[in-house]
Every structure is written in C-alpha cells, then in structure tokens.
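Enquirer: Each chain, letter by letter, is given below.
Protein chains: 2
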Amino acid sequence: MTINTERNARHAARMARKKAVIDAHIAEANIDTGIMILLTGNGKGKSSSAFGMVARAIGHGLKVGVVQFIKNRTDTGEEALLGKHCEWHVMGDGFTWETQNFEADKLKSEAAWAVAARMLNDASYDVVILDELTYCLSYKYLDKDIILKDLESRPEMQHVVVTGRAAVKELHEIADTVTVLNDEKHAYKAGIKAQKGLEW
Amino acid sequence: MTINTERNARHAARMARKKAVIDAHIAEANIDTGIMILLTGNGKGKSSSAFGMVARAIGHGLKVGVVQFIKNRTDTGEEALLGKHCEWHVMGDGFTWETQNFEADKLKSEAAWAVAARMLNDASYDVVILDELTYCLSYKYLDKDIILKDLESRPEMQHVVVTGRAAVKELHEIADTVTVLNDEKHAYKAGIKAQKGLEW
Chain X
1 MTINTERNAR HAARMARKKA VIDAHIAEAN IDTGIMILLT GNGKGKSSSA FGMVARAIGH
61 GLKVGVVQFI KNRTDTGEEA LLGKHCEWHV MGDGFTWETQ NFEADKLKSE AAWAVAARML
121 NDASYDVVIL DELTYCLSYK YLDKDIILKD LESRPEMQHV VVTGRAAVKE LHEIADTVTV
181 LNDEKHAYKA GIKAQKGLEW
Chain E
1 MTINTERNAR HAARMARKKA VIDAHIAEAN IDTGIMILLT GNGKGKSSSA FGMVARAIGH
61 GLKVGVVQFI KNRTDTGEEA LLGKHCEWHV MGDGFTWETQ NFEADKLKSE AAWAVAARML
121 NDASYDVVIL DELTYCLSYK YLDKDIILKD LESRPEMQHV VVTGRAAVKE LHEIADTVTV
181 LNDEKHAYKA GIKAQKGLEW
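In order, the protein sequence lines correspond to chains X and E. Straight run, no breaks: the first sequence in full-length UniProt numbering ends on number 200. Straight run, no breaks: the second sequence in full-length UniProt numbering ends on number 200.
Just so you know, these hints were derived from the structure itself, not from any lab. Computed from a prediction, not measured in an experiment: that's the story for all the values here. For glycine and all other residues, C-beta sits at the position ideal for the given N, C-alpha and C. Please note that a few of the clues may not be correct.
[Said to hold, decoys possible] Across the chosen pairs, the derived CB separations fall in these ranges:
| no. | chain 1 | residue 1 | chain 2 | residue 2 | range |
| --- | --- | --- | --- | --- | --- |
| 1 | E | Ser124 | X | Asn30 | 44 to 50 Å |
| 2 | X | Ala29 | E | Ser153 | 39 to 45 Å |
| 3 | E | Ser124 | X | Gly191 | 25 to 31 Å |
| 4 | X | Glu184 | E | Ile31 | 16 to 22 Å |
| 5 | E | Met157 | X | Ala114 | 38 to 44 Å |
| 6 | E | Ile174 | X | Glu173 | 19 to 25 Å |
| 7 | X | Asp23 | E | Asp23 | 49 to 55 Å |
Build the full structure now, drawing on both the sequences and the hints.
Expert: Now the structure itself:
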C-alpha cells in the first residue's frame, strides 16, 4: 500500500467505528412528541433561530403561529416573507424603557398571551413561536403560573419555541431543549448599526 | 397620589433614565457596513438562526446565496421554502464518519468552496450563508489561508454568516459578531428524535 492509501484506510476504519457509536445513539432517540425549545442568553440569534424553524415548518406544510411579545415594528423582513405563510401577531409595544408605563405594558402582554393561549389550546397548530416571551415573566407583566400551566397542558404533538434573554428558571426546567446563546462579540459594540436582513 | 400612581411614576422615571442611556448607545452605532456573523458552539440553533436571517433578507428583497458544506439531504423544510427565493446549494456528502473517505470529502468541500468564492467575489449578493463551513476547516478539508483571504476580501457591503461547531480561532477573530450557542439541554439526549420543522 502507498502511504496515502494506508492513511485513507486508517481514516475509514476510525470513521466506521465513530459511525457505529453515533448510529446507536440515533437509534435510541426514537420518541416522536411535541417539544419545547428555549433560546435564551444575551447573544445575537435567538429570534432569528426561531424564525428559521418557522421557515422549516412552513416548508414541510406545517401550521405555524407566531406571537411577538415585545417587538412592535411591522416592517421586518421575517414578517414580510414568513407572515405570508402563517399566522403572525406583532403584539408588543416595545421594551419597558421605551414605553415607561408598566400598567400599559402589562395590558399589552395579557392581550398577547390571550392569542398565545388560544393557539396552545388548539391541536391544529403544529408549531407555536412565542418570541421574546421571557421578558414578560422577568418584568412580571404576566402571571408565571398561568404561563407555565398553559405551556405544559398544550397538545401532545405541538412544538413550542420560546425566545428572549434571562428566562426564568421554570422555563429552563419545563423546556426539552435549551440553548444559551452567549455574546462573545457583537458588531453593535464596534459602532456598527443593526443591519437590515440580519437583525430585523 | 395613590400608591399605584406613585409606583407608576417611579417606574416611568427609572425607565426614562434607562432609555437615555440606551438611545445614546444606539446613536453611537452609526456605521453601515457588511458584517460577518459566526454562529458556533454545540447547542441547537446555529443553522436555523442563519436560515432566519435568510428569511429576513429575502423579506427585504435582498439577494441571498446559501452553500451547505456538510448536509447532503435536499428534503429539508428550509430549502423547500427559502430555496424558492434565493440561490441554494446543498454540496455536502455528510459528516466524515458517514462517508469514511477523506479524499472524497476534501474534493466535495473544494467544489462547495468554489461556489462560495464566486459569491464572495460578486457584490450583487447582499448576504452569503456558509452553513457548516467550520467542519471543513477543523477536518482540514479546505486550506484555511484561502478561506480567510476570500472571506476578508469580499465586497464591503456584503454580509456573510458562518455556522458550525468548533470554529477555528481565526474565524472568531475575523467575525464582527460571534455567538456561542451552548447546549444546556437537548431533547435528543432524552430519546426524542429530530423533529421535522424544527431540526430539518
């Protein structure tokens, strides 16, 4: 054998062993059920990840509902494209330092939760996205017990994706998949403004 | 003043101070330029975040190109929806433990990079997505110096998004925004299989 052939043979043998291990793990993961995904942390990418899942779900012909709890702008790229293919509710009125009115924020959040709760009680929705919900709990706009109960009692096969910084510990506990997005570096801190098509 | 009115007034004053600080930061971030975003780490959400940005960019009428370096399946939800609105290239042949053939993987990666390099040399592309590129560098399928040079010499206003686990340190260095997605919990480890519409 040439050196190259020998190296390739060793590589193939090593990878065959790795494949056996990975295939066994995949075979073990055979439960089919609705899951809850929590995307939290202070890094860029939480909402865009949720919207990528919206695109995936729509691409498979699934029924998707989106509620945006804090955002109040309707000129976003995500809504322009994805909002054509699913139910999309922009129900926020901005962050609390924008509104400076706790009572009004609370009423807005409660109205948004009413829409979310309707979806979480309707098995025809395959995927429900609750974008920036975490803030409504950390700012105490919404009653945590009601939120957790509605999330946990949703239809068995329904997926739900929750985004936002600083999720309360109970959201970590009830989620099946939790990703914490850590901000290692952000263009914004180098003086670059939020870019159309990436950040909105 | 009632207790409630007083509490609301204190809240409003505190939030007005916070808004002044945040607005000053936003005013400082006034540079408009193409940025590079790196999404790495072992948590769920890297590719879906990139695809959410594809949706955003398409929604704003921007021109987007996508190259998938490892994935070889073309039945994904993301391609079904987003592939209708942009240039989408699935150019991988699976992870190295699937193929068990280093030389073939290297040739596939080089062919994929040729497509990526063409886009990175064409200012008509507003956003270029290099999905799972990181593996081609950590597995040494591609020459790191060429990749870094092509990324850095791209058109000034072009955005590029790179995804994948274990990005080499040079990718961290040249990126403007780096998010590290940490896997706190994953449904897969609890025996739940990859769910259509969320993970593919």
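Enquirer: Now tell me if each hint is right for this structure.
Expert: Against the structure, the hints:
1. E:Ser124 - X:Asn30: 44 to 50 Å: Given range 44 to 50 Å: holds, Cβ gap about 46 Å.
2. X:Ala29 - E:Ser153: 39 to 45 Å: holds, 43 Å
3. E:Ser124 - X:Gly191: 25 to 31 Å: This hint holds: roughly 27 Å between Cβ atoms.
4. X:Glu184 - E:Ile31: 16 to 22 Å: 20 Å Cβ-Cβ, so the 16 to 22 Å window holds.
5. E:Met157 - X:Ala114: 38 to 44 Å: holds, 42 Å
6. E:Ile174 - X:Glu173: 19 to 25 Å: Violated: the Cβ-Cβ distance is about 38 Å, outside 19 to 25 Å.
7. X:Asp23 - E:Asp23: 49 to 55 Å: holds, 54 Å
The structure shown violates just one earlier hint, number 6.
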